[in-house]
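**Student:** Sequence:
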Amino acid sequence: MSVPGITDTRQYLTFKLEDEIFAVEVAKVREILEFTTVTKVPRTPDFMRGVINLRGSVVPVMDMRMKFGMALTEKTVDTCIIVMEMLLDGETTIVG
Numbered sequence: 132m133s134v135p136g137i138t139d140t141r142q143y144l145t146f147k148l149e150d151e152i153f154a155v156e157v158a159k160v161r162e163i164l165e166f167t168t169v170t171k172v173p174r175t176p177d178f179m180r181g182v183i184n185l186r187g188s189v190v191p192v193m194d195m196r197m198k199f200g201m202a203l204t205e206k207t208v209d210t211c212i213i214v215m216e217m218l219l220d221g222e223t224t225i226v227g
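Note that the sequence shown covers residues 132 to 227 in my numbering.
You may find that some hints are simply not true.
[What the hints assert, rightly or not] Pairs of lysine-lysine residues, derived as BS3-like cross-links and limited to a Cα-Cα distance of at most 27 Å, are as follows:
#: 1; residue 1: Lys198; residue 2: Lys159
#: 2; residue 1: Lys206; residue 2: Lys159
#: 3; residue 1: Lys206; residue 2: Lys171
#: 4; residue 1: Lys171; residue 2: Lys198
#: 5; residue 1: Lys171; residue 2: Lys159
#: 6; residue 1: Lys171; residue 2: Lys147
[Claimed, not checked] Simulated DEER-style distance windows between Cβ atoms:
#: 7; residue 1: Pro173; residue 2: Thr140; range: 15 to 25 Å
#: 8; residue 1: Pro173; residue 2: Gln142; range: 14 to 24 Å
#: 9; residue 1: Thr138; residue 2: Thr170; range: 42 to 52 Å
#: 10; residue 1: Lys147; residue 2: Thr170; range: 42 to 52 Å
#: 11; residue 1: Ile225; residue 2: Met197; range: 29 to 39 Å
#: 12; residue 1: Gly200; residue 2: Thr138; range: 35 to 45 Å
#: 13; residue 1: Thr223; residue 2: Phe153; range: 31 to 41 Å
#: 14; residue 1: Pro173; residue 2: Phe146; range: 26 to 36 Å
#: 15; residue 1: Tyr143; residue 2: Thr207; range: 17 to 27 Å
#: 16; residue 1: Asp150; residue 2: Thr175; range: 40 to 50 Å
#: 17; residue 1: Gln142; residue 2: Gly187; range: 47 to 57 Å
#: 18; residue 1: Thr167; residue 2: Thr138; range: 32 to 42 Å
#: 19; residue 1: Val208; residue 2: Thr140; range: 15 to 25 Å
Simulated from the structure, these hints should not be mistaken for laboratory data.
Model, not experiment: these values are computed from the prediction.
Using N, Cα and C, we set each Cβ at its ideal position, and we do this for glycine too.
Given these sequences and hints, build the entire structure.
**Tutor:** Below is the structure:
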């Protein structure tokens, strides 16, 4: 039996930055990585931490805390990189 008005079910990955909870659609998440060494790229905005090598692919890494006007992310045992697909200028791009 179907419920009227419900046509789609979506799952979300939630994460916390300071006291705020954010969510991304699980279908967009490629993987979750332990925080690793990020290579800084000159002349990029402060929120761009740099790039990582993910199995031969260069993946840009953003610090979402800085993007939202919060302090720089400190590395802890809970710090991770969420690698996900984003639509930028009409093209699917992988970012962390």
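**Student:** Tell me the hint numbers this structure goes against, listed in increasing order.
**Tutor:** 7, 8, 10, 11, 13, 16, 17, 19
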